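2 protein chains.
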Amino acid sequence: MAKHIVYHIPVCPFSQRLEILLALRGQRDAVEFRVVDITKPRDPELLAKTRGTTALPVLETSDGRILKESLVILRYLDEALEGRALRRADPVEHAIESMLIAREGPFTMAGYLFVMNQDRNQRDAHRDKVLALYRDINDFLVDQNPDGPYLFDDFGLAETVFTPVFKRFWFLEYYEDFTLPAEGGYDRVRQWRDACMAHPATGQVTQEEIVKLYYDYALGAGNGALPAGRAVSSFAIQPKWQDRPMPPRDKYAGSASDHALGLAS
Amino acid sequence: MAKHIVYHIPVCPFSQRLEILLALRGQRDAVEFRVVDITKPRDPELLAKTRGTTALPVLETSDGRILKESLVILRYLDEALEGRALRRADPVEHAIESMLIAREGPFTMAGYLFVMNQDRNQRDAHRDKVLALYRDINDFLVDQNPDGPYLFDDFGLAETVFTPVFKRFWFLEYYEDFTLPAEGGYDRVRQWRDACMAHPATGQVTQEEIVKLYYDYALGAGNGALPAGRAVSSFAIQPKWQDRPMPPRDKYAGSASDHALGLAS
Chain A
1447 MAKHIVYHIP VCPFSQRLEI LLALRGQRDA VEFRVVDITK PRDPELLAKT
1497 RGTTALPVLE TSDGRILKES LVILRYLDEA LEGRALRRAD PVEHAIESML
1547 IAREGPFTMA GYLFVMNQDR NQRDAHRDKV LALYRDINDF LVDQNPDGPY
1597 LFDDFGLAET VFTPVFKRFW FLEYYEDFTL PAEGGYDRVR QWRDACMAHP
1647 ATGQVTQEEI VKLYYDYALG AGNGALPAGR AVSSFAIQPK WQDRPMPPRD
1697 KYAGSASDHA LGLAS
Chain B
1447 MAKHIVYHIP VCPFSQRLEI LLALRGQRDA VEFRVVDITK PRDPELLAKT
1497 RGTTALPVLE TSDGRILKES LVILRYLDEA LEGRALRRAD PVEHAIESML
1547 IAREGPFTMA GYLFVMNQDR NQRDAHRDKV LALYRDINDF LVDQNPDGPY
1597 LFDDFGLAET VFTPVFKRFW FLEYYEDFTL PAEGGYDRVR QWRDACMAHP
1647 ATGQVTQEEI VKLYYDYALG AGNGALPAGR AVSSFAIQPK WQDRPMPPRD
1697 KYAGSASDHA LGLAS
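Residue numbers (the numbering used here), protein chains in the order written: chain A, 1447 to 1711; chain B, 1447 to 1711.
Extracted from the complex, chain A is given alone in its bound form (with noise of 0.2 Å):
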């Protein structure tokens, strides 16, 4: 079939989602990915595609139809793609694991309002916030799987899911010292992120580059907007990332210079 066309931000976990979904199918290919600089102004011509919204990514299908959010362009894939879906064949179990998917929202979202947070005296609710979700997992997978590491017996939908969010929230690690406390009730949730991370077929990120990328957010700037006092974003495609520092880690200080984040061209 003609290639289905994905707009997308590389860095953005519910993109990097259909690139493991590809990976896993072993159908990289099929998809031609185009970047978009959320840095920019919008492409008037993709505009007109998404009839104004600008959330990404994207799917237009080889015959010119448009499908948006990130979960039902995943689950569409792994329909269309030929072959054997990813998704759990019997409908119970994967009615199991649509349940845990359902949480994913409310995780992620915990976790990017943690890092975009601004004031000291909100950590610890937020911290308190993230952890309350970690443990929901952690008793889901106890229920469904205590011997683990995945939902069902390999990398499945729910792990495509969720392993970009873990990866993402090594700015919580970077920027706000977040670890998952050693005891209660943490031990399952753990065993499958570090397994889910470990995957080879979610190596398209890294956490140095997740760090550089996501300065701007931490500072409480989210979607390639600007910190005060500066003029590039730490989503800029130039300078490259591999050429910049680490960011200083202490976001509660204020943001470091262009200069001194090596995005002064």
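Simulated from the structure, these hints should not be mistaken for laboratory data.
Hints are supplied without guarantee of correctness; some may be wrong.
Note that identical chains are pooled: a pair holds if it fits in a single copy or bridges any two copies.
[Claimed, not checked] Simulated pairs of lysine to any residue, SDA-like, Cα-Cα distance not exceeding 20 Å:
| hint | residue 1 | residue 2 |
| --- | --- | --- |
| 1 | 1495 | 1589 |
| 2 | 1514 | 1550 |
| 3 | 1686 | 1481 |
| 4 | 1514 | 1548 |
| 5 | 1514 | 1551 |
| 6 | 1514 | 1588 |
| 7 | 1514 | 1591 |
| 8 | 1514 | 1590 |
| 9 | 1514 | 1536 |
| 10 | 1514 | 1540 |
| 11 | 1575 | 1626 |
| 12 | 1495 | 1538 |
| 13 | 1495 | 1511 |
| 14 | 1449 | 1536 |
| 15 | 1449 | 1492 |
| 16 | 1449 | 1473 |
| 17 | 1686 | 1482 |
| 18 | 1495 | 1583 |
| 19 | 1514 | 1468 |
| 20 | 1575 | 1563 |
| 21 | 1495 | 1581 |
| 22 | 1514 | 1582 |
Values in this document were obtained by computation on a predicted structure and should not be read as measured data.
Guided by the hints, dock chain B onto chain A, whose structure is given.
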């Protein structure tokens, strides 16, 4: 196959959509419904099955597995029941109905927050939020199927998801005088809503029942909680709603008495 069991609150929209699905699929008898009275302490046996959570509906499969989340259960039943599924068979069309279904959560939330709001000064803000979500659905329907009335050629999965919510929003009409404006981009969603609500598979509840049972929500008390000065919930199964008078429409005036509401047995 042995019967699945659904534990539910009959008036709950998240349960009604399961009943609509079964009606459309001609399989009302494939599931046994067991009524849970949310105004009483939860049965310990059910609480053990759900591992402590109280949200309903819950489905217990014929071999004793527990599924939660209304949309997960709905999609599970649609896939597991014998015969032709309600979901669109074509993957792209299924993705399109899933994009509409993804709008239901925020839509339902906005309507419930509006009916539960107790601050007169916030009424316009709630109304504007609900209207913005209606306009978004309107635009989606215009984009996908301008002539209507449904998203595709017949009442389908998206209609099954939304219709119970449209019927619950009778509480906005009654307690907030909420109606869709004649102008401003609501024609297509009005056509859709009216067709959904008139469909013969969706008659499980009436306007009178919703208005009477959700009175406590209009006073800010959800899930069987009691408003100040009251001893019996409007969600009580006895006395029957059919035997009670219509509640007062001015929700901002405080609660009518159990006696005036026909709740004193």
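Status of each hint after checking the structure:
Proximity of residue 1495 to residue 1589 under the C-alpha cut-off of 20 Å is restricted to the inter-copy arrangement: shortest distance 11 Å between copies versus 44 Å within a copy. Taking CA atoms no more than 20 Å apart as the test, residue 1514 paired with residue 1550 passes in both settings, with 17 Å inside one copy and 15 Å between copies. Taking identical chains as interchangeable, the C-alpha atoms of residue 1686 and residue 1481 lie at most 20 Å apart only when both belong to the same chain, with a minimum of 15 Å there against 60 Å between chains. Proximity of residue 1514 to residue 1548 under the C-alpha cut-off of 20 Å is found in both arrangements, the shortest distances being 17 Å within a copy and 10 Å between copies.
In this homomeric assembly, residue 1514 and residue 1551 come within 20 Å of each other (Cα to Cα) both inside a single copy, at 16 Å, and across copies, at 16 Å. For the homomeric pair residue 1514 and residue 1588, the shortest alpha-carbon distance between copies (16 Å) is at most 20 Å, but the shortest distance inside one copy (33 Å) is not. Taking the closest pair of Cα atoms, residue 1514 and residue 1591 come within 20 Å of each other only across two copies (17 Å); inside a single copy the shortest separation is 32 Å, beyond that limit. Taking identical chains as interchangeable, the C-alpha atoms of residue 1514 and residue 1590 lie at most 20 Å apart only when they sit on different chains, with a minimum of 13 Å there against 31 Å within one chain.
In this assembly of identical chains, residue 1514 and residue 1536 lie within 20 Å of each other by CA distance solely across copies; the values are 17 Å between and 27 Å within a copy. For a Cα distance limit of 20 Å, the shortest separation of residue 1514 from residue 1540 across copies, 13 Å, qualifies, whereas the shortest one inside one copy, 22 Å, does not. For the homomeric pair residue 1575 and residue 1626, the shortest alpha-carbon distance inside one copy (13 Å) is at most 20 Å, but the shortest distance between copies (38 Å) is not. Taking the shortest alpha-carbon separations for residue 1495 and residue 1538, only the inter-copy value of 16 Å comes in at or below 20 Å, while the best intra-copy value is 37 Å.
When the C-alpha separation of residue 1495 and residue 1511 is checked against a cutoff of 20 Å, the pair qualifies only within one copy, where the shortest distance is 9 Å, while the shortest distance between copies is 43 Å. When the C-alpha separation of residue 1449 and residue 1536 is checked against a cutoff of 20 Å, the pair qualifies only between copies, where the shortest distance is 18 Å, while the shortest distance within a copy is 29 Å. Proximity of residue 1449 to residue 1492 under the C-alpha cut-off of 20 Å is restricted to the intra-copy arrangement: shortest distance 17 Å within a copy versus 49 Å between copies. For the homomeric pair residue 1449 and residue 1473, the shortest alpha-carbon distance inside one copy (11 Å) is at most 20 Å, but the shortest distance between copies (40 Å) is not.
When the C-alpha separation of residue 1686 and residue 1482 is checked against a cutoff of 20 Å, the pair qualifies only within one copy, where the shortest distance is 15 Å, while the shortest distance between copies is 58 Å. Taking identical chains as interchangeable, the C-alpha atoms of residue 1495 and residue 1583 lie at most 20 Å apart only when they sit on different chains, with a minimum of 18 Å there against 37 Å within one chain. Proximity of residue 1514 and residue 1468 under a CA criterion of 20 Å is satisfied intra-copy only: 17 Å inside one chain copy versus 29 Å between copies. For a Cα distance limit of 20 Å, the shortest separation of residue 1575 from residue 1563 inside one copy, 13 Å, qualifies, whereas the shortest one across copies, 25 Å, does not.
In the homo-oligomer, the alpha carbons of residue 1495 and residue 1581 lie at most 20 Å apart only across protomers (19 Å), although the nearest pairing inside one protomer, at 41 Å, exceeds that limit. In this assembly of identical chains, residue 1514 and residue 1582 lie within 20 Å of each other by CA distance solely across copies; the values are 14 Å between and 28 Å within a copy.
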